Structures are given as structure tokens and as C-alpha cells.
Amino acid sequence: MAVNFLYPVYEVARNYDRCIACRVCERQCANEAHEFLTGENKLVCDDAKCVNCHRCVALCPTRALKITPSGNTYKTNANWSGKTIDEIYRQAESGGVLLSSMGNPENYPVYFDKILLNASQVTNPSIDPLREPMETKVSLGAKPVNIERDETGRIKNNLPPRISLSMPIMFSAMSYGSISYNAHESLARAAEDLGIFYNTGEGGLHEDFYKYGANTIVQVASGRFGVHPEYLNSGAAIEIKMGQGAKPGIGGHLPGAKIFGDVSRTRMIPDGSDAISPAPHHDIYSIEDLRQLVYSLKEATGYKKPVIVKIAAVHNVTAIASGIARSGADIIAIDGFRGGTGAAPTRIRDHVGIPIELALAGVDRRLRDEGIRDNVSIIVSGSIRSAADVVKAVALGADSVYIATSALIALGCHLCRSCHAGKCNWGIATQVSELVKRLNPDLGYKRLVNLLTAWQHEIKEMMGGMGINSIESLKGNRLMLRGVGLNEKELDILGIKHAGDG
Amino acid sequence: MKRVYVNEKWCLGCHLCEYYCAFAETGEKDMARALRDGKIKPRINIEEKDGVSFAVSCRHCPEPLCVKGCITGALTIADEVITVDDDRCVSCYTCILSCPFGAISTSDDGAVQKCELCVKTAGGMPACVKGCPNNAIVFEERG
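Keeping their order, the protein sequence lines are chains A and B.
Just so it is clear: in the first sequence, position 386 is 385 by numbering that gives the first Met the number 0, and no numbers are missing.
Just so it is clear: in the second sequence, position 52 is 51 by numbering that gives the first Met the number 0, and no numbers are missing.
Think of the hints as simulated: they come from the structure by calculation, not from any bench.
Please read these numbers as outputs of a predicted model, since none were measured by experiment.
There's no promise every hint is true.
With the Cβ distance kept under 8 Å, some of the chain A side facing chain B (calculated, not the full set) [claimed, not checked]:
| id | residue |
| --- | --- |
| 1 | Tyr6 |
| 2 | Pro7 |
| 3 | Lys436 |
| 4 | Arg437 |
| 5 | Leu442 |
Just the calculated beta-carbon pair ranges, DEER-fashion [what the hints assert, rightly or not]:
| id | chain 1 | residue 1 | chain 2 | residue 2 | range |
| --- | --- | --- | --- | --- | --- |
| 6 | A | Leu5 | B | Leu96 | 56 to 66 Å |
| 7 | A | Arg264 | B | Thr25 | 43 to 53 Å |
| 8 | B | Lys40 | A | Phe35 | 17 to 27 Å |
| 9 | A | Glu86 | B | Lys40 | 46 to 56 Å |
| 10 | A | Ser472 | B | Thr25 | 58 to 68 Å |
| 11 | B | Glu139 | A | Gln291 | 50 to 60 Å |
| 12 | A | Gly260 | B | Gly109 | 24 to 34 Å |
Negatives, chain A to chain B, calculated, CB over 10 Å [to be verified]:
| id | residue |
| --- | --- |
| 13 | Asp16 |
| 14 | Cys21 |
| 15 | Ala47 |
| 16 | Ile66 |
| 17 | Ser138 |
| 18 | Glu150 |
| 19 | Glu191 |
| 20 | Gly248 |
| 21 | Pro254 |
| 22 | Pro277 |
| 23 | Arg325 |
| 24 | Ile408 |
| 25 | Gly421 |
| 26 | Gly494 |
Ideal Cβ positions, reconstructed from N, Cα and C, are used throughout, including at glycine.
Work the whole structure out from these sequences, hints included.
Here it is, written out as C-alpha cells:
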């Protein structure tokens, strides 16, 4: 029906003066947007098929391609945007829930961008990280409250199980299935090389990756896919996923089309069956229930591994975190509303949850007020985009951050946000073998190592500027932060002063 | 001696190696100008069938049949690299017939052409290796 026609949002602009008709664009586009006209020895493009992933742009050897907004517009309307109108047309045709991928792209405030860092001048010396030692190592887990001594008076080692990272950054949960084998291998090898951790997500652990166990966090989520004793014992820590920032309050759904071969074996479900993770854990309806799962997992692993509980940042996150800190969990991971996903209902992704900066500041303060901050470490995630975000998060009270979108971008992701189509041209969010091979982990893991090595340098530079030589001294150090353009309430929640205010 | 090696596991069949090879031969600065007509005769070629693809170029065999068969001495092996002397080649194509890899082809200027590891052009790093987006073609020393 004509009413359903949606004009393509992007246009592939081909400079025919530069195009040599090598056809690499045609060969590399899984969406088949490019077509070669043999008779005319010419390439043409169907803009409607383009998802703006830039694969063709990046591989074109003569720089003949670029992608531009198509510019087709509805009558200007500040209330009814073109996007809103298009979405109504799509739903009027399909009757379905709109799906989206990656993090919330809407124009909500980014508090990290409204917080500025301090630096030393005159009265306290800054530190040059190239000349003086600088510590970025962190250790995650519960801290013992009391010093215990044995009968001879020696201090007993009553330290609960912990994990140590070379810098306060880890790769967040992305399941094998939602991302490819090669993407997983890149993350695992990079984690090992960097002395940090990657997270299996709810997809089980491929048998080839057990060797990276010392740098693996294994996840247990509501679908319990791929969970068995060997899996639990293979990782360095276990994460219970209660929620995800991109889609708080709902479960997951990996379509049956992506579940075959190794993916189905790893998840321990039949070929072609949809992997549906329920919205709640059906055995958890209270903190007491959560405590049972925490201790079941500890029991299963001989009390040797810390247990992480991951929640989405939602309205009453401080109360929830307070409960989790009393549940026996060693670490709380909080995922903000900008967190990414392989697929989520658009309305949920774009409208549910709260910013991670506010959630983190609130949780850190509440746990300190209640005297239980040392019960747990806090990991935050949900759009940590740079070393500056890491430093700000740590100064707001985080022990570590999780990154995922940044890591995928390092692997080639161009944020076209079409993961849910399963035809990722960069070989990341796909299980199609000819696409998966486009991500060579030999190259991928080095890019991840490069990225985080660079971030580590930057963290040291920023800490040095503040006259701080250890991450521990930066943690919760809100004096190092000032807000710009924030109101009293926001400053109060963040626990920071406004710039210029003393 | 460093050689060009290919790994079909990572070859995407994008054919970029062929274009970078052909471009390197032209000595031009801009690929768009150099390969404007779109017809290329690269010295590396992608073989593909049933989803498997890989690039084929001269293996620089230690005991090369092409050099052995060359009737004019146009093909020689020195420093483990086989090169063609265009002035000596009489286009008898014995080498093309004898190469077990099909790595030698006819050239537009009458002689034959083959991969010479970019020793005459790109200087050091073969253009195909540099242009491969997925590390499927590598230039390295292997025992």
C-alpha cells in the first residue's frame, strides 16, 4: 500500500569519477544494497536496503562512496518528528512491537558530559605518570569487616574470594549467539592479555574458550542457558543477571534462526528453538530468594569465587542495591539506561531506566550511609565511552566499569544499530559463517588491547594531573568532580559541587 | 626469506588484493585515476568456489619449473625471488604452461607477468598484503 512507503533514511552517494567498478561494495554488503550492471560496467545502489554500516565505505579502495542523509522530509513539526511518523506507519502495517539494537540513542542528558575533573596547581603537586609509579590495579569483592587473629595472635586471612584487574575496566556480558565466535575469541584473548575479565553473557561458554577461564566471568541469567557445574567452575567469578540497562524488566529472546550448531550446543537447547529468557528469574521474588541463588552458586563452586549480581539502573535502584549488598553477593553491577543490546523493544530501550551516573552516586551514598559499602564492590556500565568516563565513574564511587559498546566499536562496529537483523557486515552480531569470518580475532584482540592500553595511559594522565597515584585514592573522591549546567537537585544526588563553587 | 602466504580461513573473497596489485604495477599515485577503465590484470588472483576463497600468486618455488622451462633465460631466480626480464621474454608461454599454480599470465606489453613480491614497485611490503582487510594474506618468514 502506498501509505506504507517509507523513503530511505540514507543515501549511498557514489562518486562515479572515482569508482573503478571493483565490486568490493557489492561483495561485502550482506544487505545486497549494491548491484553491478554488467552491460554498463557500472554499480548502482538500492538505498532502501542500506543500514549505514559503512562496510562498503571503509573497504572502497578509491574512496568513491559515502553515506549521506537522504534529506526527504515531512512537513516540519516539533512534536511529530519524522521518526515518530515512520514508526507509526511501520506499526500500522506490521501490528508488531518495534525492535532496536545497541544503546538508547535519544537525546537525554549525559551526566558524564556535565561533570569536569580537577587538576593540581601550586599547592599540591601533580604527578607525571611517565616518571613515577601509578597504580591502576583494582580488586573486586567483599572486604572483611573485622580483623581476626588466631590463638598465636597472627592475623587470619579472612579475605573473601576476590578478582584482581590491571585496570578498573572489564568487558561486559555479551553472549555467544548474540555476538559471533570470533568476537568472543577477540574479547577473551584481549582480557587475558590485559589482565582483566570478559563476561560470557547468557549463552554458556563455548568449549574452545574454557582455556581463558581465569579471565572469564560466567553469567547465570533467567533462562539458565548453558549452565552446568563445569561452566560455573571454569570462570573466575559468577554473575547473576537480574536485569540489563537496555531493557529493564524484560527478558531476552535470541531467535531460533541464530541457534544452530555450536550455539545450540553451548546453550544446551535444540537446534532452531528460540532461546527465551524470562523477564524474572522464576525462583527469585525477593532478596531472600536471591540470597538462595547466590549461596547455591557459592556452594556449587566451593565458596572460591565471588558472585556478582547485575541489575538495571531503575527508579528504586538504591534500595535494591542495599538489599543485594545484604544478600551475600560480593559485587553489584549496575547497568544504566544507555546500555547496549543485540535486540530490545524500542520503547523499552528508549524510555525505561535511569542514567548510570545518578544511579551510581545514589547507590554509593546509600551503601555508605548504611555502613555496608564494604560488603560489595560496585561495577557500573551503560555507555562508558572513554577513559574520562571511567575516571568520573570511579570518582563517583565505582570500583570498576564494564564496557561493551566501546569494545565492539574497537572491533569494527559502526553503530548502525541493526544487530537484530543478524546480518552484521562487520562479523560481530551475526552467526552467518561468511560474515563471521570478516572479524579476524588476531586483528580484533590486538585492537581491544590497544584501546584499553590507551585508556589506561589516559587514566594515569588524568589521575596524575589530580595528584593521585592510585585508583584506590580516586574511588569515591567527589572532590575531584565539579558539575556544569546542573541544578541543585542533580548536584545533590551526584554529591558534587557546581564548578566555581569553592 | 619472507614470502606471501594466504590463509583461506580469513579470505573474504573481496578481491581487493587484485586491485591493489594492479594499482601497484601502474606506479600512479591515485587508484581512481590509475584503474579508471576498471579492467585489471593483477598478478594475484582470487580462486573461489562453494564459499571457499583464497588468493593465488607465485610461490617462488625453490626449484621452479618456470625457470627451468624458460627458453631464453628471461625468468631467473635470485635471492629466492623469481623475476621476469621483459627484454628477454619472447612470449613462448612455456612458463605459463608449466607453472603448477597458474600464477603466471600474459602481459599487455607482450611479455609474461607474475608476482615479484613488489620488489620493483611498492618496495618491501607487497601491495596485496597491505591492502588485505582481514590479514588473509601475510608476508612473513616461515621455516
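These are the hints, each one checked on the structure:
1. Taking 8 Å as the C-beta cut-off, the interface hint given for Tyr6 of chain A is violated, the closest approach to chain B being about 30 Å.
2. For Pro7 of chain A, the interface hint is violated, the least distance from its beta-carbon to any beta-carbon of chain B being 25 Å, above 8 Å.
3. About 6 Å separates the beta-carbon of Lys436 of chain A from the nearest beta-carbon of chain B, less than 8 Å, and the hint is met.
4. Look at Arg437 of chain A: its Cβ gets to within about 6 Å of chain B, closer than 8 Å, so that hint holds up.
5. The beta carbon of Leu442 of chain A is positioned within 8 Å of a beta carbon in chain B (closest approach about 5 Å), and the interface hint is therefore held.
6. Between Leu5 of chain A and Leu96 of chain B, the C-beta spacing of about 58 Å keeps the proposed range 56 to 66 Å intact.
7. At roughly 50 Å, the beta-carbon separation of Arg264 of chain A and Thr25 of chain B lies within the given 43 to 53 Å, and the hint holds.
8. Between Lys40 of chain B and Phe35 of chain A the Cβ separation comes to about 19 Å, which falls inside the hinted range of 17 to 27 Å.
9. Between Glu86 of chain A and Lys40 of chain B, the C-beta spacing of about 51 Å keeps the proposed range 46 to 56 Å intact.
10. Restraint check, Ser472 of chain A to Thr25 of chain B: a C-beta distance of roughly 59 Å satisfies the suggested window 58 to 68 Å.
11. The hinted range of 50 to 60 Å is satisfied by Glu139 of chain B and Gln291 of chain A, whose Cβ atoms lie roughly 55 Å apart.
12. A C-beta distance of roughly 52 Å is found between Gly260 of chain A and Gly109 of chain B, which places it outside the suggested range of 24 to 34 Å.
13. Asp16 of chain A, annotated as away from the interface, has a beta carbon of chain B within 10 Å; the closest lies near 7 Å.
14. With a least beta-carbon separation of about 5 Å from chain B, Cys21 of chain A fails to lie farther than 10 Å from that chain, contradicting its non-interface assignment.
15. No beta-carbon of chain B comes within 10 Å of the beta-carbon of Ala47 of chain A; the shortest separation is about 24 Å.
16. Every CB of chain B lies more than 10 Å from the CB of Ile66 of chain A, the least distance being 18 Å, so the non-interface label holds.
17. Separation of Ser138 of chain A from chain B is adequate, the least Cβ-Cβ distance of about 36 Å exceeding the 10 Å criterion.
18. For Glu150 of chain A, the non-interface assignment is confirmed: its Cβ lies about 61 Å from the closest Cβ of chain B, beyond the 10 Å cut-off.
19. At the 10 Å boundary, the C-beta of Glu191 of chain A stays outside the reach of chain B, the nearest C-beta of that chain being 20 Å off.
20. The Cβ of Gly248 of chain A sits about 40 Å from the closest Cβ of chain B, beyond the 10 Å cut-off, so the non-interface label holds.
21. No Cβ of chain B approaches the Cβ of Pro254 of chain A within 10 Å, the least distance being about 23 Å, so the stated non-interface status holds.
22. For Pro277 of chain A, the requirement that its beta carbon stay farther than 10 Å from each beta carbon of chain B is met, with the minimum near 37 Å.
23. A cut-off of 10 Å between C-beta atoms confirms that Arg325 of chain A is not in contact with chain B; the least separation is 50 Å.
24. No beta-carbon of chain B is positioned within 10 Å of the beta-carbon of Ile408 of chain A; the least distance is around 17 Å.
25. Distance check for Gly421 of chain A against chain B: the nearest CB is about 18 Å away, which clears 10 Å, and the non-interface claim stands.
26. No Cβ of chain B approaches the Cβ of Gly494 of chain A within 10 Å, the least distance being about 47 Å, so the stated non-interface status holds.
Of the numbered hints stated above, those contradicted by the structure are hints 1, 2, 12, 13 and 14, listed in ascending order.
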